[in-house]
Structures are given as structure tokens and as C-alpha cells.
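J.: Residue strings, one per chain:
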Amino acid sequence: MSLAEPLRLLLFLLCVMAFVGFNAAYLVWVERKGAGRIQRRPGPTEVGYAGLLQPMADGIKLLTKQLIVPPGADATLFRLAPVMVLAPAMMSLAVIPFSETLVARNINVGLVMVFAFGSINVMAIMLGGWASRNKYAIISAARIVSQDVAYEIPMLLVVITVLMITGTMNLNDIVRQQAGGFWHWNLFKLAANPLMPVTFVIFYVCMLAETNRAPFDMAEAESELVAGAFTEYAGMGFGVFFMAEYANIVVGCAIATILFLGGWQSPIGLFPGLFWFLLKMYLLCFSVVWVRWTFPRTQFYGLLNLSWKILIPVSLATLMLSAVLIKVVKL
Amino acid sequence: MIAPQAICPEGTRNETFVLNLGPQHPATHGVLRVKLTMDGEYITRAEPVVGYIHRMQEKMAENRTYARFLPNTSRIDYLSAMAYTHAFVAAVERAARIEVPARAEYIRVVTSELNRISSHLVWFGAFLLDLGGFTPLLYAFDDRERILDLLEGISGSRLTYCYYRFGGLCNDIDEDFIKGTHDFVARMRPRLKMYRTLVTDNIILRKRLIGIGPISQEMCRRYGATGPVIRGSGVAYDVRKAEPYSVYPEFNFDVPVFPEGDSMARYLVRMAEMEQSLRIIEQALDKLPGGPVMASNVPRVLKLPAGDYCCAVEAARGRFAVRIISDNKEIPYRVKLRTPSFSNLSLFEEASQGMMLPDALALMGSLDLVIPDIDR
Amino acid sequence: MNRLLKEISQGCYSLITGLRVTIAEFFKPSVTVPYPHQSLKMPARFRGHIELVRDPVTGKAVCFACKLCERSCPSDCITVEGAKLDGDKRKSVTRYVLDFTKCSLCGSCVEVCKSNAIRFGRDYNLASTRKEDFILDLFKRLEVEAK
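As they're listed, the protein sequences go chains A, B and C. Heads up: the first sequence runs through residues 5 to 335, numbered per my numbering. Heads up: the second sequence runs through residues 85 to 460, numbered per my numbering. Heads up: the third sequence runs through residues 109 to 255, numbered per my numbering.
Treat the hints with caution; some may be incorrect.
[As the list claims (entries may be wrong)] Dumping the calculated EDC-like pairs for lysine to aspartate or glutamate here, alpha-carbon to alpha-carbon at most 20 Å:
| # | chain 1 | residue 1 | chain 2 | residue 2 |
| --- | --- | --- | --- | --- |
| 1 | C | Lys168 | C | Asp196 |
| 2 | C | Lys192 | C | Asp207 |
| 3 | C | Lys192 | C | Glu133 |
| 4 | A | Lys313 | C | Glu115 |
| 5 | B | Lys143 | C | Glu159 |
| 6 | C | Lys136 | B | Glu229 |
| 7 | A | Lys139 | B | Glu99 |
| 8 | C | Lys222 | C | Glu159 |
| 9 | C | Lys149 | B | Asp123 |
| 10 | C | Lys149 | B | Asp267 |
| 11 | A | Lys37 | C | Glu133 |
| 12 | C | Lys149 | B | Asp226 |
| 13 | B | Lys413 | B | Glu146 |
| 14 | C | Lys149 | B | Asp260 |
| 15 | B | Lys420 | B | Glu146 |
| 16 | C | Lys210 | B | Glu142 |
| 17 | B | Lys277 | B | Glu359 |
| 18 | B | Lys371 | B | Glu359 |
| 19 | C | Lys136 | A | Glu35 |
| 20 | A | Lys139 | B | Asp123 |
| 21 | B | Lys413 | B | Glu142 |
| 22 | A | Lys37 | B | Asp226 |
| 23 | C | Lys149 | B | Glu146 |
| 24 | C | Lys149 | B | Glu99 |
| 25 | B | Lys277 | C | Glu178 |
| 26 | C | Lys222 | C | Glu189 |
| 27 | C | Lys149 | B | Glu414 |
| 28 | C | Lys136 | B | Glu125 |
| 29 | A | Lys139 | B | Asp260 |
| 30 | C | Lys222 | B | Asp256 |
| 31 | C | Lys168 | C | Asp184 |
| 32 | C | Lys149 | B | Asp338 |
| 33 | C | Lys114 | B | Asp285 |
| 34 | A | Lys65 | A | Glu35 |
In case anyone wonders, no lab produced these hints; they're calculated from the structure.
Generate the whole structure from the sequences, applying the supplied hints.
T.: Okay, here's the thing in C-alpha cells:
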């Protein structure tokens, strides 16, 4: 058993990396197909059956491009930034329980670890933008940082709310507490906190903002005006940022399913396992795609106002409500 | 939420930089260059530089007979081609005293209004694309395809129709067109409702447009802005009602006016105009008389008597006027094209002062500029 | 406070109805035509570049080189030459060149031709890498077609 443990870990980590790579490629396919169908057109169809090999073709295209480092750019940081954006997402996946037994490392502070790594993501994007030595990249990166910092606060407040209800930071335990039918899920634990669905919505909105997805992609889609934070990255450098964006979406959706939707528990109480986790996570990912193609972009100050003036007060209110109810009910 | 204002007092920050919203730009819908002098995020001066697509349309008119200039009229503003051809053809008909048969006039109204709807659909899609909503563009283009198919059935072209002739039309419409247009009108009304649910009522869009880019009535009058720009600022000026031409007096339609003067008002004016165009089309098809579509006594080569002739129409973007000065030859002495986008653009410099850049782009989108229309 | 709550609730409702619209469209069939595999039906009056009309009786071109089309073209793209062949009462066209790089498909030539000797063609797949491919010799095309 003591020899198998490092082997098991290695296998898990390889699987996690493969999972991230697979998701990065095929979430793009889902997004393009989803966008196509919403817009009443087929999406990619030429490469492979139903366009399934399209991400492969895009990957090959990105790999064959020259990796240009702009003159005057900070060479180390420029090259380091994409890696620093992708690595935290991969590491966060190491603590996520895909099913009761399928978890790389069941750390007792798994929840905190995921959010700690999420914060590194913010810094890495800033480094990427700054190291590019491009006026517009710096402005865009600065905007991304202010947006991400603003939205981390309500997200963490909401997570604390859930934490007060579950009483543990171990992700697998949080899921185990939601056993039974779907009425046991944290989303529906109205006895503990009647505003639970509101906290889920706040978490979802914060997740969209943290991953810079529409309707909060003002900093990236600066391409309407100037280029975004990743302009100077060519070929696979950009490809890695891209992969990291989808990896972050996967991590965000995974955390949302674990915290609110019961993780690998089944909605009918029978046959819990990996299938339910993946189903819920991918449904959430699809909804992220759906939201992107429906709404226009918010204005940048609107985005910040939403966070500071609406989401933080509401999440503080739910937190206090939860705390009061716990005290009252316990008493 | 109102847009934030620059809070630094005058004189403390005088570091401005010039940002070139160059001729090649996804947000300016054509080759328009705007030299922005910016103070951080705020625009202190926006100077449009036009002329990148100047094709000398007015000079070409001085070198061609009237009939040979007809294809050019479609290309001045290619999205609203029918109305522009209508203005030129009506000016020549007024000068040469050619009487257009009633059926031709009704068909001209139907096709002009269909063209207005298709132009507004392009504006709608492109404006939302600027604001980040990619999907309504495709829905709008789906509807527009149906209009283009209808017009292709009668004239053969999808964008630059050369359909009107002096004295009428080049060929008559058929039953397919009438039935197709009725189907289109029946289909379009629920689609407009869908746009209202998906886009107009959307809180994100409302936050982006309400209160952004206010243009007062007085500013519109000073710069001569017409069309949805001035109707979005509270002035009910529509050439179809103010200087009626063709058979518009026979139709019952409203001119949508919104008093707020911000981008949302201009947006709502155009959406309401599409609805009114559908009304006009229905009425015109109901009242469509029979008869010839071409006047019988049009000379082969037109020679207008010496003088100054003018005709103004309500194009999709505003008031388009053609002024022909003839000296009794086959070739006009001078043709002046008064285009709406030129006047609408000229107020951009004053209106965008102190705005943040994305808001200024939203303002430019709401002005609905077509650059070849500015440069001619 | 009341207004803010109302605004938030109306806002959320508008977002949900918007999502409902898009998901309804998601399940509707595609409106596009997968172009190289399928193509659209062309309308009868489609304006492709012009082509000469053949007289079914004689098998030759109807055009007799009156040059009205050449004169009426606003872009000066047509060049017509004709000669009187032995035994004929009228001229016949010997050379009819259309410079399609300048043609604006206005239709003046088709309308002005009194004998209906030219009509709009239906050729739309006109991509090429050389400019010479667009200087169309319509008379030669007619001969080639005859064979």
C-alpha cells in the first residue's frame, strides 16, 4: 500500500492533466457548436464527423506557429505567465472529488486550496499583461485584476455561507452530506438558509466574472477597441491561456456542483458516482456557454458597481442570515 | 447607472495622448478614422477624419448622362439603395415632368420600405455586435435574407438594386413577390417581439444605453442631423411627412419620436420604425392598383430643361436630398448629394466630449453611420 | 430601496426571458445551407454576367452589332464588332467582349437591346486568380456552347 500510493498519485495527476487538456479542446467544440445552434447555424462540421476533429486542427495550427517574444518584453515573466495561469487550474483539480473514491488528494482544507490557487490566476494574468510591454495589454490586464479582485469577495462570502452550513472544508465530506435525493442538496437546504438559491446565483455570477466570460469579458473583448491582455502571445502561448480559461471554467463549475448541487450524488438517491458529477458539471458548463451567447457585455464600471454595490451587500446579508439561523436553530 | 465623470479638476491633469481609431477598425463600420485625444479613459477631443472611401460620386454624375448615373445611386449608401435611387429618379422626373403610373409608385414604396427594414436589421445586428451580443446579429441577418430574396426575385440583385427607372420601374412584380411579402410581414412581427424580449428589455443592454450619449434637440439642429438621430431627441421630423413625395400621403403611419435623446431613444426609434414600415407595406400591398409600371412617353435620352431641381427622401439614416443643376444638356452641370450620415457624424465630436471610450463607441453605433455615405 | 429591488427583480426577469429565447432557438433547425454540399435555388431574374442569346432557328447569335448596348453602358465595358457576311441582309456580330471587371450589373444593356439579343446569365461561381479570366468573349462562348 505504501508503494502504490505515489503510483496512484502519479496516475491521478496524469489523468488530471489529460482531463484538463481534453476539456480545453472539447469545451471549445461545445462552445462553437452551441453558439452555432443558438444562432441557427451548424457550427463546425467539416473537420471530422460533426466537427469533432476541429479542436485537433486548431491545436495543430497553434503548435505550428512561431512563439514570438516581443523585443523589450520581460523574457522570463513573458514565458512564465501562461504556465502560471494553467498550473493553478490543474492543481485545483487535484482536490476535486469526481466520485467517492476518485479524488487525487482528499485534503481537509480542499475548499481553501481551490480558492487560494484561484487567486494566483489573477496575478499570473497581470504578469502576462505587464510582461508584454504593450500599453493596451497593461491596461487590459489591470482591468482584469480589478474585476477579479472585486468578484472574489462575494464569491468567498458565499463560500463561507456554505461552509457554515456544512461545517467542513473537505470537499468529499461536503458531498457526502448531500446524500439522498436532490432535496438534500445544498441548493435546497432552505431550512439552514432560505436564501440558498440566491447564494448559488451569486456564486455563478462571480464564477463568470472570475473566468472573464461574457457578459463580463470587457477586458478581453477590448478587441473591439484595442487588443486584450494576451495580444503579444502567439501560437501556443496563446493556446495555453486559452486552455487555462476553459480549465478555470471547469474548476468553477466543478466547485459549484460540489458546493450546491450535490457533487457526485444522484438526484434520485440511487447509483451515485462519477456519471452524475460529470453530468452536472457539464450542464453548468453548457449554461456558461449559453449565457455567453445570449447577453451583451456589461460596461466596465457597471461590472464593478454590480460587485461592490450589489453582490457584496447581498452576500453579506445571506452570510449574516445563515449565521443567525445557525445560532437560533442550534439553541 | 449614469456613466462616471472625470473627477480631476481642470488643470491638474493635462497629460493627454492621441489614440487613433484607425481606418481599419471593427467598431467603426467602414473606413472611418477618428483621432481621439484621450485623458486616461476619457475622450477630450474626437476628430473624425473622413475621405478614405471618397469615390467622387458627384464628379461622376457630371460626366455621365442621367441614365448612366443610376447604378451609382445604389452604391452611395448600399444598405439603403432603393431610397437613394428613388431620390435621384424622382428629381429627374420632377424636372422632366414625367408622370409615373400609380402602380409603379406603390411598388416603389413597398420596395423602399422593405429596404428600410433590411437596413435597420443590419444596424441592429452591427450595433449589438459592438456591444458584445453576438447572437442577435445572426437572427437579424436571417430576417434580412428573406427580404433580400424577395427583392432578388423582382430585380435580380440583392444589395445594389438598379430597379427604378425614369418613369417607373424596370420590370413588374409578380405574384410570388406579393405572397412572399405578405409571408414576410406575418413572420416579422413576432420576430420584432422576440427582439424586444431578447435585446431591448435586457437589463445589461439598458445599462449600456440609457443615459449614454445624450444629444439635445438644439445640437441636432445645429449640425443638421436627421433621421432617427433627431427623432430620438424629440423632434418629429420625417421627410415622408414634412415634404411628402411619391404616394406616402395615402398611407396611415406614425413617426416614432422619443424625447430622451440618449442612445436608448435612438435604438427605440429604429425598432419602432421597422414596425411602422411593416404597416406601410401592408397598406401598400392592399391598395396596389393595376396598370403599367412604366410611363409611356419617356424620351430615350433625357435632357432636362435648364434649372435647379431637388428631391428629398427619408432614407434609413435620415434625409437624403439630390439637387440637380442642369444647363439643358444630356449631362447635368452639377449633382449635389446631401447625405444624412455626414451630418450625423459631425455631431460626434461635440457629443463625445468627456465620455469614456466604450460609451463613445456605443454612441457612434447608435448614430448608424455608413461611411461611403459620408464620403460619397 | 424599493426602486432598487424592483430594478433588480425586473433585471433578473429580463435575463431569464432572454435565456429562454436563446434556448428556444437552440432547438430549432438550422437556417443556413451547407454551401459546397448544397446550394440555393436561383431566382429567375438573377443578374449574372450577360450572355448572348442564340436564335433557335438559325443557330447563330441574334445580335447584329447595332452597338446600342455599347453606348448605353455606364462603365464602358462592352466592345462589339460586327461585319456583314455574304448573303445576309444585316450585320452579324463577330466579336462581343465584356470586361466584367468593370461591369456593375446595372442592366442598361439588356434593357436597351431592341432585339433581346442579350440576357442575364446565371453564372455565379466566378472565382479565378487571373484578371484575364474576367474579360469575357461572349461570342466565343456562344460558339463553344454550340458544339
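J.: Could you run down the list of hints and mark each one as holding or not?
T.: Here is how each hint holds up against the structure:
no., hint, verdict
1, Lys168/C with Asp196/C, "holds (12 Å)"
2, Lys192/C with Asp207/C, "violated (24 Å)"
3, Lys192/C with Glu133/C, "violated (64 Å)"
4, Lys313/A with Glu115/C, "holds (14 Å)"
5, Lys143/B with Glu159/C, "violated (31 Å)"
6, Lys136/C with Glu229/B, "holds (17 Å)"
7, Lys139/A with Glu99/B, "holds (15 Å)"
8, Lys222/C with Glu159/C, "holds (15 Å)"
9, Lys149/C with Asp123/B, "violated (55 Å)"
10, Lys149/C with Asp267/B, "holds (19 Å)"
11, Lys37/A with Glu133/C, "holds (13 Å)"
12, Lys149/C with Asp226/B, "holds (17 Å)"
13, Lys413/B with Glu146/B, "holds (11 Å)"
14, Lys149/C with Asp260/B, "holds (14 Å)"
15, Lys420/B with Glu146/B, "holds (10 Å)"
16, Lys210/C with Glu142/B, "holds (19 Å)"
17, Lys277/B with Glu359/B, "holds (10 Å)"
18, Lys371/B with Glu359/B, "holds (19 Å)"
19, Lys136/C with Glu35/A, "holds (17 Å)"
20, Lys139/A with Asp123/B, "holds (14 Å)"
21, Lys413/B with Glu142/B, "holds (17 Å)"
22, Lys37/A with Asp226/B, "holds (18 Å)"
23, Lys149/C with Glu146/B, "violated (40 Å)"
24, Lys149/C with Glu99/B, "violated (60 Å)"
25, Lys277/B with Glu178/C, "violated (50 Å)"
26, Lys222/C with Glu189/C, "holds (17 Å)"
27, Lys149/C with Glu414/B, "violated (41 Å)"
28, Lys136/C with Glu125/B, "violated (43 Å)"
29, Lys139/A with Asp260/B, "violated (57 Å)"
30, Lys222/C with Asp256/B, "holds (19 Å)"
31, Lys168/C with Asp184/C, "violated (25 Å)"
32, Lys149/C with Asp338/B, "violated (38 Å)"
33, Lys114/C with Asp285/B, "holds (14 Å)"
34, Lys65/A with Glu35/A, "holds (19 Å)"
In this structure, the earlier hints numbered 2, 3, 5, 9, 23, 24, 25, 27, 28, 29, 31 and 32 are contradicted, and the remaining ones agree with it.
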